[in-house]
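Counted from 1, the sequence shown has number 61 at position 61 by the working numbering; the numbering is strictly sequential.
Just so you know, the hints here were simulated from the structure itself, not pulled from any lab data. There's no promise every hint is true.
DSBU-like cross-link-like pairs, simulated, lysine-lysine; straight-line CA separation at most 30 Å [stated by the list, open to error]:
1) K65 / K52
2) K6 / K130
3) K55 / K65
4) K120 / K131
Here are the computed distance ranges between Cβ atoms for each label pair [to be verified]:
5) E48 / E150: 46 to 56 Å
6) Q139 / Q64: 26 to 36 Å
7) Q7 / D81: 17 to 27 Å
8) R80 / G115: 13 to 23 Å
9) E11 / T92: 27 to 37 Å
10) A114 / A54: 28 to 38 Å
11) G45 / E90: 46 to 56 Å
12) S58 / K131: 37 to 47 Å
13) A54 / M100: 37 to 47 Å
14) E11 / L154: 14 to 24 Å
15) A32 / K131: 55 to 65 Å
16) I57 / A114: 22 to 32 Å
Computed from a predicted model, the values in this text were never measured in an experiment. Even glycine gets a Cβ: it sits at the ideal position worked out from N, Cα and C.
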Amino acid sequence: MEYLSKQRYDELVTELNYLINVVYPAVREDVAETSAQGDRSENAGYREARRKQAKTISRIRFLQKVLDNSRVIDPEALPRDRVCLLSRVEFTNLATNTRMTFEIVSPHEMNLEAGKISLKSPIGAALMGKKVGEIAEAQVPSGTIRLKIESITLD
Numbered sequence: 001m002e003y004l005s006k007q008r009y010d011e012l013v014t015e016l017n018y019l020i021n022v023v024y025p026a027v028r029e030d031v032a033e034t035s036a037q038g039d040r041s042e043n044a045g046y047r048e049a050r051r052k053q054a055k056t057i058s059r060i061r062f063l064q065k066v067l068d069n070s071r072v073i074d075p076e077a078l079p080r081d082r083v084c085l086l087s088r089v090e091f092t093n094l095a096t097n098t099r100m101t102f103e104i105v106s107p108h109e110m111n112l113e114a115g116k117i118s119l120k121s122p123i124g125a126a127l128m129g130k131k132v133g134e135i136a137e138a139q140v141p142s143g144t145i146r147l148k149i150e151s152i153t154l155d
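Just need the whole structure built from these sequences, with the hints factored in.
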């Protein structure tokens with residue numbers, strides 16, 4: 001079971017509908033057109049159209065599976081005093097005294113450039129359930145890092 005924000009759930013539904021209603025019919029038409037051009041074994045256009053078709057079908061199935069196994073999180077039901085999914089956490093790396101802020105999200109919403117880390121990442125997992133002032137220890141590829149939680153907000 002995956003938990004998604006309402007925004008991300010809606011984005012995935014929109015992408016799925018676009019793939020089913022716009023992209024797939026166009027790809028299917030390309031396959032039919034290139035197939036009609038003759039010998040398929042030497043038809044690069046046909047092979048490319050089939051690759052696009054397979055890729056589109058794969059993405060549609062993936063999105064359907066994600067949406068079937070996902071639930072939208074009600075932000076009102078989340079704790080405000082502990083790090084949880086959708087929490088925006090400001091913390092200090094005690095080794096470097098560097099302050100960082102990240103939002104804890106599901107793996108399907110992770111986007112480092114937007115300041116969103118997965119709850120399944122080493123840092124996200126270490127922060128989960130902690131309160132302001134507590135120290136979280138995260139096992140990262142370079143070793144163990146200690147993070148002091150400075151603030152927790154829920155948008």
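Cross-check of the supplied hints:
Straight-line distance between C-alpha atoms of K65 and K52 comes to about 20 Å, which keeps the hinted pair within the 30 Å bound. With a C-alpha separation of about 24 Å, the suggested pair K6 and K130 falls inside the 30 Å cut-off, and the hint holds. The hinted pair formed by K55 and K65 meets the criterion: a straight-line CA distance of about 15 Å does not exceed 30 Å. Straight-line distance between C-alpha atoms of K120 and K131 comes to about 18 Å, which keeps the hinted pair within the 30 Å bound.
The hint said 46 to 56 Å for the Cβ distance between E48 and E150, and at roughly 52 Å that hint holds. Between Q139 and Q64 the beta carbons are some 34 Å apart, a value that agrees with the proposed interval 26 to 36 Å. Between Q7 and D81 the CB atoms are about 24 Å apart, so this pair conforms to the stated range of 17 to 27 Å. Taken as a hint, the range 13 to 23 Å holds for the pair R80 and G115, whose Cβ atoms sit roughly 20 Å apart.
Taking the beta carbon of each, E11 and T92 are about 32 Å apart, inside 27 to 37 Å as hinted. Distance hint check: the CB atoms of A114 and A54 are about 30 Å apart, consistent with the given range 28 to 38 Å. One distance hint, 46 to 56 Å for the beta-carbon pair G45 and E90, holds here, with the actual separation near 53 Å. In this structure the supplied range 37 to 47 Å holds for S58 paired with K131, their Cβ-Cβ distance being about 42 Å.
Here the CB-CB span from A54 to M100 is close to 40 Å, well matched to the stated 37 to 47 Å. As the Cβ distance of E11 to L154 is approximately 20 Å, the hint placing it in 14 to 24 Å holds. Our hint of 55 to 65 Å for A32 and K131 holds, since their Cβ atoms are close to 60 Å apart. Look at I57 against A114: about 29 Å separates their beta carbons, and that is inside 22 to 32 Å.
Checked against the numbered hints above, the structure violates none of them.
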